[in-house]
Amino acid sequence: MAKLGAGSIRTLPLAGFHGGSSAVRLEAAPPAERISLRAGAEDMAALSQALGLDLPVKPKTSAAAKGRTALWLGPDEWLVIDEGKGGLMQAAASSGVLHSAVDVSHRNAAILVSGPGASRAINAGCSQDLSLKVFPVGACSRTVLAKVEIVLLRTAEDAFRVEVWRSFSDYAFGLLAEGAQDAAL
Amino acid sequence: MLLIHCPYCEEARSELEFRWAGEAHIARPENIAAITDEEFAEYFFLRNNEKGLTYERWRHIHGCGRFFNAARDTVSDRFVMTYKAGLPKQPVPPAEKVSAIAEEKTVETWEATEGDAR
Ligand SMILES: [Zn+2]
Numbered sequence: 001m002a003k004l005g006a007g008s009i010r011t012l013p014l015a016g017f018h019g020g021s022s023a024v025r026l027e028a029a030p031p032a033e034r035i036s037l038r039a040g041a042e043d044m045a046a047l048s049q050a051l052g053l054d055l056p057v058k059p060k061t062s063a064a065a066k067g068r069t070a071l072w073l074g075p076d077e078w079l080v081i082d083e084g085k086g087g088l089m090q091a092a093a094s095s096g097v098l099h100s101a102v103d104v105s106h107r108n109a110a111i112l113v114s115g116p117g118a119s120r121a122i123n124a125g126c127s128q129d130l131s132l133k134v135f136p137v138g139a140c141s142r143t144v145l146a147k148v149e150i151v152l153l154r155t156a157e158d159a160f161r162v163e164v165w166r167s168f169s170d171y172a173f174g175l176l177a178e179g180a181q182d183a184a185l
Numbered sequence: 001m002l003l004i005h006c007p008y009c010e011e012a013r014s015e016l017e018f019r020w021a022g023e024a025h026i027a028r029p030e031n032i033a034a035i036t037d038e039e040f041a042e043y044f045f046l047r048n049n050e051k052g053l054t055y056e057r058w059r060h061i062h063g064c065g066r067f068f069n070a071a072r073d074t075v076s077d078r079f080v081m082t083y084k085a086g087l088p089k090q091p092v093p094p095a096e097k098v099s100a101i102a103e104e105k106t107v108e109t110w111e112a113t114e115g116d117a118r
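Line order of the protein sequences matches chains A and B.
Per this note's numbering, the first sequence starts with residue 1, numbered consecutively.
Per this note's numbering, the second sequence starts with residue 1, numbered consecutively.
If you are wondering where the hints come from, they were derived from the structure by calculation, not from laboratory data.
Every residue gets a Cβ at the ideal spot worked out from N, C-alpha and C, and that includes glycine.
Honestly, I wouldn't trust all of these hints.
Claimed, not checked - Going by beta-carbon spacing under 7 Å, a handful of chain A positions derived as facing chain B:
{"hint": "1", "residue": "74"}
{"hint": "2", "residue": "124"}
{"hint": "3", "residue": "127"}
{"hint": "4", "residue": "139"}
{"hint": "5", "residue": "142"}
{"hint": "6", "residue": "144"}
{"hint": "7", "residue": "149"}
As the list claims (entries may be wrong) - Pulled a few chain B residues facing chain A out of the computed Cβ check, cut under 10 Å:
{"hint": "8", "residue": "1"}
{"hint": "9", "residue": "9"}
{"hint": "10", "residue": "10"}
{"hint": "11", "residue": "11"}
{"hint": "12", "residue": "13"}
{"hint": "13", "residue": "43"}
{"hint": "14", "residue": "46"}
{"hint": "15", "residue": "48"}
{"hint": "16", "residue": "49"}
{"hint": "17", "residue": "56"}
{"hint": "18", "residue": "61"}
{"hint": "19", "residue": "63"}
{"hint": "20", "residue": "64"}
{"hint": "21", "residue": "65"}
{"hint": "22", "residue": "66"}
Please put together the full structure from these sequences, using the hints given.
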C-alpha cells in the first residue's frame, strides 16, 4: 500500500456538510465506532454484560448506556454504536459466546436531524409513522429514505439520528435538505 | 400505499420495505440427486400461479431482514394474513375469506376504469 505523505488528511463522508431550514437543523454526526452484531437468544445475556448494556429484544427499541447505543434491527440482529472510547469488537469478543460481530464503523455515516420540523423533513422520503405515540424517543428502525436504506433512531422528541451507508450519504443529506425546506413552509 | 404486516416487527409497514420471494411451502426433496428430471422440474421450475388466494414468501428486506409467509389475493392484491417462516400453511380465517371475496368484486379493472379512455 502506498504510504500516505506527511500532512495528508482523511476526508470523512459528509465532512463540512451543514444545512437545514428555519424548522430543521442538519449536521453530520462526529465519527463513531459501530458493529453489526448477530447472536442467538441464548447468548444475549453474556453479550449484554460484555457490552455493558441490555441488548433490546422488543422490535423498534434501543438501549443506551455509557456512550453506547444498541439498536434492534431484527430478532437476532443489532447495530451497536459507540460514541465514546470505542472497543466494541474487543468487548463482544470478551463475551466468550457464539456471535458474529462485524466492524462497520466506516461503512456508515450519520446525519443528525433536529428541530421542530425534524420528523416532517424525514417523512419527505420515509413512510414510517413518526408520531411520538408510534415512534417514541429511543425507537429505532431500519427503513427506507426515498431510494436508500437507512437506520433511523429517535434521540429526542425533535431529534433523530439517520445512519446511512457512506456512499449514499451525499444523496441522503441532499434529500433531507429538500425535506427541511418543505418542513419550513 | 400498500401496507404489509411483518410478523417479526409486529407492525404494518409500507410495501417499499418488502420484497417478494416466490411461492411458499415448497419443500426441498430429501434426496435431490435421486429424483427424476420430471420431478426436479416440478420442484424447481413449476409454480401454481394461482388467481385469487395464494401463499407466498416475502422478505422484510429493508426492515428486520426476515423471510415470512403471506396469504395474498392476487386479484385484489390484498394481504389476508402473514405469519412467521417455519410455520405450517395457516388456514385463512373464514371472515377474512368472505371479505376477500367481497373485495374481489370491487376491484378496479382496466376494462372498467380505462376501457373507454381515448
Ligand atoms: Zn420485519
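Evaluated hints:
The closest approach between the C-beta of residue 74 of chain A and any C-beta of chain B is roughly 4 Å, which is under the 7 Å cut-off, so the hint is satisfied. Because the closest C-beta pair between residue 124 of chain A and chain B is about 14 Å apart, greater than 7 Å, the hint is violated. For residue 127 of chain A, the interface hint holds, the least distance from its beta-carbon to any beta-carbon of chain B being 4 Å, beneath 7 Å. Because the closest C-beta pair between residue 139 of chain A and chain B is about 11 Å apart, greater than 7 Å, the hint is violated.
The criterion of a C-beta within 7 Å of any C-beta in chain B is met by residue 142 of chain A, whose closest approach is roughly 6 Å, and the hint holds. The closest approach between the C-beta of residue 144 of chain A and any C-beta of chain B is roughly 5 Å, which is under the 7 Å cut-off, so the hint is satisfied. Look at residue 149 of chain A: its Cβ gets to within about 5 Å of chain B, closer than 7 Å, so that hint holds up. For residue 1 of chain B, the interface hint holds, since its Cβ comes within 10 Å of a Cβ in chain A; the closest pair sits about 6 Å apart.
Interface restraint check: residue 9 of chain B against chain A, minimum CB-CB distance 5 Å, threshold 10 Å, status holds. Given the 10 Å rule on beta carbons, the hint for residue 10 of chain B holds: about 6 Å separates it from the nearest Cβ of chain A. Using the Cβ-Cβ criterion of 10 Å, the hint placing residue 11 of chain B at the interface with chain A is satisfied: the shortest such distance is roughly 7 Å. Taking 10 Å as the C-beta contact cut-off toward chain A, the hint placing residue 13 of chain B at the interface holds, the least distance being around 7 Å.
Nearest Cβ of chain A to the Cβ of residue 43 of chain B: about 29 Å, over the 10 Å cut. The hint is violated. A least Cβ separation of about 32 Å between residue 46 of chain B and chain A goes past the 10 Å threshold, and the interface hint is therefore violated. Using the Cβ-Cβ criterion of 10 Å, the hint placing residue 48 of chain B at the interface with chain A is not satisfied: the shortest such distance is roughly 30 Å. Hint status for residue 49 of chain B: violated, given a least beta-carbon distance of 29 Å to chain A, over 10 Å.
Contact between residue 56 of chain B and chain A, as hinted, is not supported at the beta carbon level, the nearest pair being about 20 Å apart and thus beyond 10 Å. About 9 Å separates the beta-carbon of residue 61 of chain B from the nearest beta-carbon of chain A, less than 10 Å, and the hint is met. For residue 63 of chain B, the interface hint holds, the least distance from its beta-carbon to any beta-carbon of chain A being 6 Å, beneath 10 Å. Among the interface hints, the one on residue 64 of chain B holds; its C-beta lies about 4 Å from the nearest C-beta in chain A, closer than the 10 Å criterion.
Nearest Cβ of chain A to the Cβ of residue 65 of chain B: about 5 Å, under the 10 Å cut. The hint holds. At a threshold of 10 Å, the smallest CB-CB gap from residue 66 of chain B to chain A is about 6 Å, leaving the interface hint in force.
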